[in-house]
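**Student:** Each chain is listed here by its residues.
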Amino acid sequence: MITGLLISMAAILEAALPENGQVAFIAGEEQKKRIITVYDFSTRQFRKVGAGTHNGAPSWSPDGQVLAFTGRIDDRYGVITVNADGSNPRMADLDFEVLDDMPRWSADGKKLAFSVSLGGEPPRFGIAVWDLATNETALWGGDAFPSLRAPVWMPSTDLLMALDVQTQQDDISDKLFALREDAEKHGVLLALAWFPGKQYTEPVLVTLSVALPLLYVAKAPSDRSAEWMLLPDHKGRQIAFESDMGGDREIYVLGKRGVVNATNHPAADWFPKWSPNDRMLAFESFRDGRRGVYLSVVETARVSPVAVSASWDCWSPDWSPDGKWLVYVSNRNGKPDLWITDQDGGHAEAIPADSWALAPAWRPKGN
Amino acid sequence: MAGCHLYRYLTSQIFFPGILLFLLLVPGGAFARKEDGTLDRILSPHNGQPVIVRAGMPFDVLLRDITSPAEVSCALIGADSVEYPLTVKSTADEQSIYTRLECQPPEQIQPGGYALRITAPDGTTDTNFRAVWILAPEISEYYVLAHVTDVHIGKQRNNRPDPEKVFAAVIDEINKTDAALCAITGDITENADPEQFRRFLGLLDRFSVPTLVCSGNHDRDNLQYERFMGLQTWARTFGSDGFLVFDTKDYVVADDWGPQPGILHRLRRMLRPCRFTIGLTHRYEPAMGVRSQLVLFADDPIDLLLYGHTHQERRPGEGPYWAGDRVVITPACVDGYYRLIDITAQGPVPRSAARVSGIHPD
Chain A
1 MITGLLISMA
11 AILEAALPEN
21 GQVAFIAGEE
31 QKKRIITVYD
41 FSTRQFRKVG
51 AGTHNGAPSW
61 SPDGQVLAFT
71 GRIDDRYGVI
81 TVNADGSNPR
91 MADLDFEVLD
101 DMPRWSADGK
111 KLAFSVSLGG
121 EPPRFGIAVW
131 DLATNETALW
141 GGDAFPSLRA
151 PVWMPSTDLL
161 MALDVQTQQD
171 DISDKLFALR
181 EDAEKHGVLL
191 ALAWFPGKQY
201 TEPVLVTLSV
211 ALPLLYVAKA
221 PSDRSAEWML
231 LPDHKGRQIA
241 FESDMGGDRE
251 IYVLGKRGVV
261 NATNHPAADW
271 FPKWSPNDRM
281 LAFESFRDGR
291 RGVYLSVVET
301 ARVSPVAVSA
311 SWDCWSPDWS
321 PDGKWLVYVS
331 NRNGKPDLWI
341 TDQDGGHAEA
351 IPADSWALAP
361 AWRPKGN
Chain B
1001 MAGCHLYRYL
1011 TSQIFFPGIL
1021 LFLLLVPGGA
1031 FARKEDGTLD
1041 RILSPHNGQP
1051 VIVRAGMPFD
1061 VLLRDITSPA
1071 EVSCALIGAD
1081 SVEYPLTVKS
1091 TADEQSIYTR
1101 LECQPPEQIQ
1111 PGGYALRITA
1121 PDGTTDTNFR
1131 AVWILAPEIS
1141 EYYVLAHVTD
1151 VHIGKQRNNR
1161 PDPEKVFAAV
1171 IDEINKTDAA
1181 LCAITGDITE
1191 NADPEQFRRF
1201 LGLLDRFSVP
1211 TLVCSGNHDR
1221 DNLQYERFMG
1231 LQTWARTFGS
1241 DGFLVFDTKD
1251 YVVADDWGPQ
1261 PGILHRLRRM
1271 LRPCRFTIGL
1281 THRYEPAMGV
1291 RSQLVLFADD
1301 PIDLLLYGHT
1311 HQERRPGEGP
1321 YWAGDRVVIT
1331 PACVDGYYRL
1341 IDITAQGPVP
1351 RSAARVSGIH
1361 PD
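Sequence lines, in order, name chains A and B.
Using our numbering, read the first sequence as starting at 1 and increasing by one per residue.
Using our numbering, read the second sequence as starting at 1001 and increasing by one per residue.
Just so you know, the hints here were simulated from the structure itself, not pulled from any lab data.
It is possible that some hints are incorrect.
Straight-line Cα separation of at most 35 angstroms, DSBU-like style, residue types lysine-lysine; simulated pairs [said to hold, decoys possible]: (1) Lys32/A / Lys1165/B; (2) Lys335/A / Lys33/A; (3) Lys365/A / Lys335/A; (4) Lys273/A / Lys365/A; (5) Lys365/A / Lys48/A; (6) Lys273/A / Lys235/A; (7) Lys1155/B / Lys335/A; (8) Lys48/A / Lys32/A; (9) Lys256/A / Lys365/A; (10) Lys1165/B / Lys1034/B; (11) Lys335/A / Lys1034/B; (12) Lys273/A / Lys185/A; (13) Lys32/A / Lys273/A; (14) Lys32/A / Lys1155/B; (15) Lys273/A / Lys256/A; (16) Lys324/A / Lys335/A; (17) Lys1089/B / Lys335/A; (18) Lys110/A / Lys324/A; (19) Lys33/A / Lys1155/B; (20) Lys1176/B / Lys1165/B; (21) Lys1034/B / Lys32/A; (22) Lys33/A / Lys48/A; (23) Lys33/A / Lys1034/B; (24) Lys256/A / Lys324/A.
The following block holds chain B by itself, in its conformation from the complex:
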């Protein structure tokens, strides 16, 4: 199967179990994120918002607290601790509080997952694990996308397995499949406690494939999600397909007045040349912002929207008003569920939700 081919190609060099070795080999002086798990100078990419590119193809790095962008150096670090210096072009805007660098990996770098390390002009470093994934030069039209949602790390449940154990089991199951990447659509924590974020991030690096993470309503309190995961609205490409990740905010308040609708429009336009565009969010309800719905489902319709929140399969008619059948809701990971979706030349084809066995009493 072509998906197996892609998966093997992606994983043949460095992936699981190499990733565990990779974590052990990173020099002790360089911290992944800050010591408390929050993002440091590299806002993007990171293990929840990785870039997935072919060797030699440039990608953007978003930094903060950088005074001299031209003096920043960047490198990818492989599982074997070998550093691959990146060609860096500063696209910094002097009036912006952020620094955007265009980085280009070498042509000869092997496919697989890499840490991204930046060295600031003052010699300090920041490293994000599993931040950059180099794709094989040839990508099949077919691959498998895994969907996980509602992890709820920290949730207390009588006579039910610990959400961390369930998440670990789900990850192990997905790692055994053909999945080439995994979307995790929010409620990664029970109540946005920093320790819950740290425990989630600790497990996230157990995945052997790139992981695209978005926020859920349980993750947004006192801007904790922003501290640990950064941007809430962003886009990535995987081969010829686009992924548009966004937040659907508080359930009673649409966000038609904030920056998100404009960002969504620009990202949607950017992804227009893609074969398929898949939206990832946590929830969608009728009361939510019409502007975003126009952008995603009327003016330039996306091909599939994945979300969770309800902990159940989709009911008839459920979802954005104009989305029609292009919606998949996957039951909760905290209950052991995940879903595989075949991305075929004809379009995304969701499989039935799967459930890890032997971990739930029922």
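Next up, chain A with everything else stripped away, as it sits in the complex:
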């Protein structure tokens, strides 16, 4: 009977991991030895697919065929792409120093946007867009802001189209019109404007030649706070972002109801990740003392814990394409490892690797 019970428990544990799918992550403790690695749930095997050294957080192309990340090849540091099997490494040809922010794919998988340093004291940042078909790289956003950083593509122009140009002030109205036109041709980015000597950032909409403050355009005045981690949902109709506008860091959602606080709590909340159905946000919070992973149902702002402990930290959540699983990082066993859990956080399973595992990104199913 005991044997039978153990077999049943083993079967439950076995079933606790997804049967297929892949997760890319940074493997390695020392930064100069960090390399992108992929874990395959069907074979339970790891495979190094990164190129060069100093590999940063991986980002899958929308079709799941190519990985992009920052890294160093020979003496050049920049944005690298490799195929999912590690073949065909390419590096963007750039005259600028690339920053370590994660490169972001356009919805059609043809372009990558990333942050660069433009030099100067205090330093200026800019946004570069790499067209993978032509291999050309251009700086986006014009010169309306001294610094732009951390770009992420809007999957559609739906939100832009919903804005009523007629109700904007004249100068904004003109720019918004130009921005819409530019966005239709080349796509549109969300990014953050930085200002020398000021302790705030400003979310902005960025196209090839125009940049406009997002919240101003959307009629929600900025509180001059430090925003970070802008993230549109999969349809481009809601935007999640972090802000310390209320005194502590919270996750807000800009959508049809205006700007709402999705994680309200006196402890810091950060790093939002949309669920595949755009109804929930996974995020990190310190509300129970240590760094943990939580979910917020955006419609109601109801928050529930997923991976939380008084003894270890859990961070960097990412959703499986079917929304059933979350992968995250935890130092529960003394070093950062990948862990898998279901949406309820009822059962957590480690994927132990030889070295540190950071910044997991679940491979999309593709079209």
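Put chain B on the given structure of chain A with help from the hints.
**Tutor:** Okay, now just chain B, sitting in the frame of chain A:
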């Protein structure tokens, strides 16, 4: 001056030159760290990460390779070799590979520096010198902080003094000042060679005040810094002020994905009640992790950030984007420089960098 008062209070009992006597008097059977200088069972505190507390106030001891935490005994050892047993409360988490003990020194212990000795259930011991500093019951609002950076032990320099000799001279100079503690912000070695770490540690105990040490880019190779100095992100209090020590990692790679930003946030929150919080790191560049910058300079701004790396004074605009004027960069110790900072009721006031005389040809 109030700082003199504090310094005298701290040093009147046991400090320099008592510290040299203290090193000689420690029984031969107990090794400070392992024989090769790396940390043994006591990961923290040690001479680069000391705890600084008032008598009777508890502090944490972080241990590894301990099977029965409840059976571990701890004691402070003074310069006179007298042992002061600590009241120990195990806060061990069975699922953690580390053991955390809460230790409480006796109320009647005298101010000064002490070694920390633990005795494991199997009878073996581990001792860390200058690991615990007992403060005087009354602390002035004013004291002096010394800042040393870029020691570069092991650096070969044509016609220039040996970095060890320069470091020793800088220590001797600081020991003559009002400084109540010293921050050493990285590049303590030239290329993370174990022998360079041992030589650094040999000189570190020449300081007559507590020393807070952080890693630099030259110190991080094959995890040598971790072996000799342990944690890279930690916090301490000194009287009513907080010190937040962290690593700024490789210059091309921010560490927004690792554990540090979360640890920094928790430590920053922990230090929130402090009068001032002073950050200690080795370098800061625009490409570095934004998450840490948000934690330290936007959400809960620290009062001062000390670092080095450039071997020069700070240039206008240099430093973290949101830090403003709350940044001090001190020229390199290997060139004979150090800086004193007055910590006043109104805030930290850095003095001009000082340089030891008679040791450099230029």
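**Student:** Quickly compare the C-alpha distance for Lys110/A and Lys324/A to 35 angstroms and report which way the hint goes.
**Tutor:** holds (29 angstroms)
**Student:** With the threshold set at 35 angstroms, check whether the alpha-carbon distance from Lys32/A to Lys1165/B stays at or below it.
**Tutor:** Given that 35 angstroms is the threshold and the Cα spacing comes to 32 angstroms, the pair holds.
**Student:** Take a quick look at whether Lys1155/B and Lys335/A sit within 35 angstroms of each other, Cα to Cα.
**Tutor:** holds (33 angstroms)
**Student:** Hey, Lys1034/B versus Lys32/A, does the alpha-carbon distance stay inside 35 angstroms?
**Tutor:** holds (28 angstroms)
**Student:** Are the Cα positions of Lys256/A and Lys324/A separated by 35 angstroms at most?
**Tutor:** holds (27 angstroms)
**Student:** Within 35 angstroms, alpha carbon to alpha carbon, are Lys33/A and Lys1034/B?
**Tutor:** Roughly 28 angstroms between the alpha carbons, so the hint for Lys33/A and Lys1034/B holds.
**Student:** Is Lys1176/B within 35 angstroms of Lys1165/B, Cα to Cα?
**Tutor:** Distance ~17 angstroms between Lys1176/B and Lys1165/B Cα, so the pair holds.
**Student:** Hey, Lys256/A versus Lys365/A, does the alpha-carbon distance stay inside 35 angstroms?
**Tutor:** holds (29 angstroms)
**Student:** Taken at face value, is the distance from the CA of Lys1034/B to the CA of Lys335/A at most 35 angstroms?
**Tutor:** Distance of about 23 angstroms is within 35 angstroms: holds.
**Student:** Does Lys335/A lie within 35 angstroms of Lys365/A when you go C-alpha to C-alpha?
**Tutor:** Holds: Lys365/A and Lys335/A sit about 30 angstroms apart, inside 35 angstroms.
**Student:** Decide if the proposed pair is consistent with the structure: Lys335/A and Lys33/A, CA atoms, cutoff 35 angstroms inclusive.
**Tutor:** holds (16 angstroms)
**Student:** Could you grab the alpha-carbon distance between Lys32/A and Lys273/A and see if it respects the 35 angstroms cut-off?
**Tutor:** holds (28 angstroms)
Consistency note: the structure conflicts with none of the earlier hints.
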